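Participant: These are the residues of each chain, in order.
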Amino acid sequence: CRISSDGKPAKFQPPPKPVIIDKQKQREERRFLSPEFIPPRGRTDPLKFYIERKDMIQRRKVFNIPEFYVGHVLAVTTADPYANEKTNRFVGICIQRGGKGLGATFVLRNVIEDQGVEICYELYNPRIQAIEVLKLEKRLDDNLMYLRDALPEYSTFDVNMKPVSHLDHEEVPVNKLQVRMKPKPWSKRWERPKYNIKGIKFELPENKMKEAQKWSQPWLEFDMLREYDTSKIEDKIWHEVSEELKK
Amino acid sequence: QGLLSRSVSRSFLSFASITGACRAIQKLTRVRVVDNSALGNTPYHRPPKCIHVYNKTGVGKVGDKILLAIKGEKKKALIVGHKMPGPTMTPRFDSNNVVLIEDNGNPVGTRIKTPIPYILRQREGEFSKVLAIARNFV
Chain A
1 CRISSDGKPA KFQPPPKPVI IDKQKQREER RFLSPEFIPP RGRTDPLKFY IERKDMIQRR
61 KVFNIPEFYV GHVLAVTTAD PYANEKTNRF VGICIQRGGK GLGATFVLRN VIEDQGVEIC
121 YELYNPRIQA IEVLKLEKRL DDNLMYLRDA LPEYSTFDVN MKPVSHLDHE EVPVNKLQVR
181 MKPKPWSKRW ERPKYNIKGI KFELPENKMK EAQKWSQPWL EFDMLREYDT SKIEDKIWHE
241 VSEELKK
Chain B
1 QGLLSRSVSR SFLSFASITG ACRAIQKLTR VRVVDNSALG NTPYHRPPKC IHVYNKTGVG
61 KVGDKILLAI KGEKKKALIV GHKMPGPTMT PRFDSNNVVL IEDNGNPVGT RIKTPIPYIL
121 RQREGEFSKV LAIARNFV
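Heads up: the protein sequence lines correspond to chains A and B, in order.
Under my numbering, think of the first position of the first sequence as 1, with each following residue one higher.
Under my numbering, think of the first position of the second sequence as 1, with each following residue one higher.
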């Protein structure tokens, strides 16, 4: 009953249209499968990977392992019998994710009191009590081992950092930071094309960069025997894992 | 102090080259003393080197005692961190860290600023005094 203050019939205002947010569609558009689910190339029986995946899903149901890439800043609390309060919290940037199956590891690096510390954690180790993602940030490379030879300011992260909220459930931001290095010699010759690093600001002279290109192997990307197409395997495994986790 | 890079000119090296820091600690590895003792912090023209490891194998890991040669003197020390990756879930440091110690186990310095792994707490009996002066644990 529309009774306006004037006494005249009020103008018809149509009800607001309902905004349909198809959340299922949004989630399906972005699929993330943790790299340790993908079986390595080889002649092992797929039954072994299937059993391992079952165990991994079992663990994930009990304990939430968030989605993270190399370059994220994580805080990991582990159970430690020798620490006071029995828990040990370490904050660091993930520099490498290795291993497949239940032995999947990730290395966190931080610089505490001018001392660089790296800890290699196993994802499925029952001693881990919590993994929090403090900062979502993908970097230009898959492997940030060059941070060991970079200036320490690029590896320092505050231990009491507040988790930075991630608004979009769509994209993970890529940080195109070019890291400055300490003077040579480095632990590995990062300028060589074998490492294919894009995240370093090389301040080396031109002739050194040209000399490094001597070790380039441009035929590697065309080598057909080295191809390992994981798209179909990933699809299958993603469907399997997501169905199991929804139960 | 801090992460010593080879480009920092040391007075004893004008044209010679040196190897990168050793991963685990054995004889003739250069180590970094992390406590605030006078012996460890006063500059000398030679870096402190390990001359003996008190171990069945000659390789020292975290919690092993070694003999150091500092400023022309012999001193025992305790390894608190090395560059070699150890068992998973244990920290790996970017330099070989060592704390000076007397023969009876008393530390020489009074404070240790650098982080120390929690594993040392397992041998609370031997290293209780060293753990007492440590500030940060990893």
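No lab work stands behind these hints, which were simulated from the structure alone.
Quick caveat: nothing in here was measured; it's all calculated off a predicted structure.
Treat the hints with caution; some may be incorrect.
[As the list claims (entries may be wrong)] Straight line, CA to CA, 30 Å or less: simulated DSS-like cross-link-like pairs of lysine-lysine:
1) B:K61 to A:K188
2) A:K61 to A:K100
3) A:K188 to B:K27
4) B:K71 to B:K129
5) A:K182 to B:K71
6) B:K61 to A:K86
7) B:K61 to A:K184
8) A:K194 to A:K232
9) B:K65 to A:K86
10) A:K188 to B:K129
11) B:K113 to A:K162
12) A:K184 to B:K27
13) A:K201 to A:K184
Participant: Each of the hints needs a verdict: does it hold here or not?
Facilitator: Structure-based check of all given hints:
1. B:K61 to A:K188: 24 Å, holds
2. A:K61 to A:K100: Holds. A:K61 to A:K100 sits at ~19 Å (cutoff 30 Å).
3. A:K188 to B:K27: The given pair, whose Cα atoms are some 25 Å apart, holds under the 30 Å limit.
4. B:K71 to B:K129: 25 Å, holds
5. A:K182 to B:K71: The hint holds at about 29 Å.
6. B:K61 to A:K86: At roughly 24 Å apart (the allowed maximum being 30 Å), A:K86 and B:K61 satisfy the hint.
7. B:K61 to A:K184: 28 Å, holds
8. A:K194 to A:K232: The hint holds at about 28 Å.
9. B:K65 to A:K86: 27 Å, holds
10. A:K188 to B:K129: 39 Å, violated
11. B:K113 to A:K162: 24 Å, holds
12. A:K184 to B:K27: Given that 30 Å is the threshold and the Cα spacing comes to 26 Å, the pair holds.
13. A:K201 to A:K184: Distance of about 13 Å is within 30 Å: holds.
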